[in-house]
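*Asks:* Read top to bottom, the protein sequences are chains F and R. Numbers in the working numbering are just positions in the first sequence, counted from 1, shifted up by 55. Numbers in the working numbering are just positions in the second sequence, counted from 1, shifted up by 1099.
Derived from the structure by calculation, the hints contain no laboratory data. These numbers come from a predicted model, not from an experiment.
Output of the computed footprint for chain F on chain R, the stretches with three or more beta carbons under 8 Å from beta carbons of chain F: (1) 1116-1124; (2) 1194-1208; (3) 1216-1229.
We put the CB at the ideal spot given by N, CA and C, even for glycine.
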Amino acid sequence: MILVLTFLAGALGAVARFVADAELRRRVLPDGPWATVLINVSGSLVLGGLAAWAHRSASGESALAILGTGFCGGYTTFSTASYETMRLIEQRRYTVAVLSGAGGLVLAVAASLLGWAAIAAS
Amino acid sequence: MSTESARPPHLRATALALVLVGGFCGTAARDLVQNAFPHSASGVPWATFGINLAGAFVLGVLLEGLARSGEDDGRRRRIRLLAGTGFCGAFTTYSALATDTVQLWEVGHRTTAGIAYAAGTVLAGLVCTWLGLMVASRTARGGAR
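Okay, chain R solo, but in the shape it has when bound:
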């Protein structure tokens, strides 16, 4: 572990590569799901809604699980960068959440639906994150027994 921290440039290149690969896969997965469940500009984007909630849940499980298993270094740090920062980060999207809300207003003329979609995603996302943290902490406690 100490040898790795003594080599920041190497670590840095590894970190960037892990985020790059995770980000590629996360974007591909998001695009696949969105294309499988397309929506019109005036319709609620349920695919993006599901993607953001699923990603929030998985990131909660991942980060809590990693934190409970030890320090953020070595293999745990690599998993966090690849699956967390890279995959979950790119799989979920905030810009589409904001812009689909604007589309519901500007193209669909559905102001209330836009507000409900945006606020509903953020609130349901918090519930999913919380569920993820719960699942990881219960699993960790069960494993420790």
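The following block holds chain F by itself, in its conformation from the complex:
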């Protein structure tokens, strides 16, 4: 049961990413990799919190599987982030490539750490 819910949550996460990406591009971030960066950072924040919850108590295990592995996993994406950085390199837009590639990683890890610390401290 948890397995099916996990896959379904991942499917919904992918749809949420698709819609969020389109809306972000339409409204605020029309060009470049920033919509993907924002999606990955927000998903990392949530997964960090879920991981801390599961680390602390067994009740967090199912939540980590369904919302973490499922939703956050489907919502965030590595392949698109890598593709967008590679395209920037091809276009010789090296500053944006480094800012979004390295910066996106640092921000995502920082967000996850923030989520972890917030739940671990509560």
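We have chain F; now place chain R onto it with these hints.
*Replies:* Same frame as chain F, but now just chain R:
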């Protein structure tokens, strides 16, 4: 093609359904691989590492191949949404990359390993994406001859 663009609501529902199905399969595939190769909180998650690199390679092949075969509409757009946005998008994961790095620090007390894992994934991912783009462009050129 013009009839499809005149019906945005239908297209929209189709697009959402394609991403949904692709996302379901991508998440299932990722979960299967991760469960087959489990890792401890203080260990490097090699399954996720391999998943992200494989997905980056496949997305590179897919998007370059589709771009070289014509406009992003009709069947090509449907394949991109199902296999690219849906499957590869959900198969690969950035939140696990970030959170496994935090776990290596917080639970495993392995700061250097965490940094090496995170930076190594991003750098190796770029190489895999580039390889994917190369494979697709060479195949396309070979087919055109």
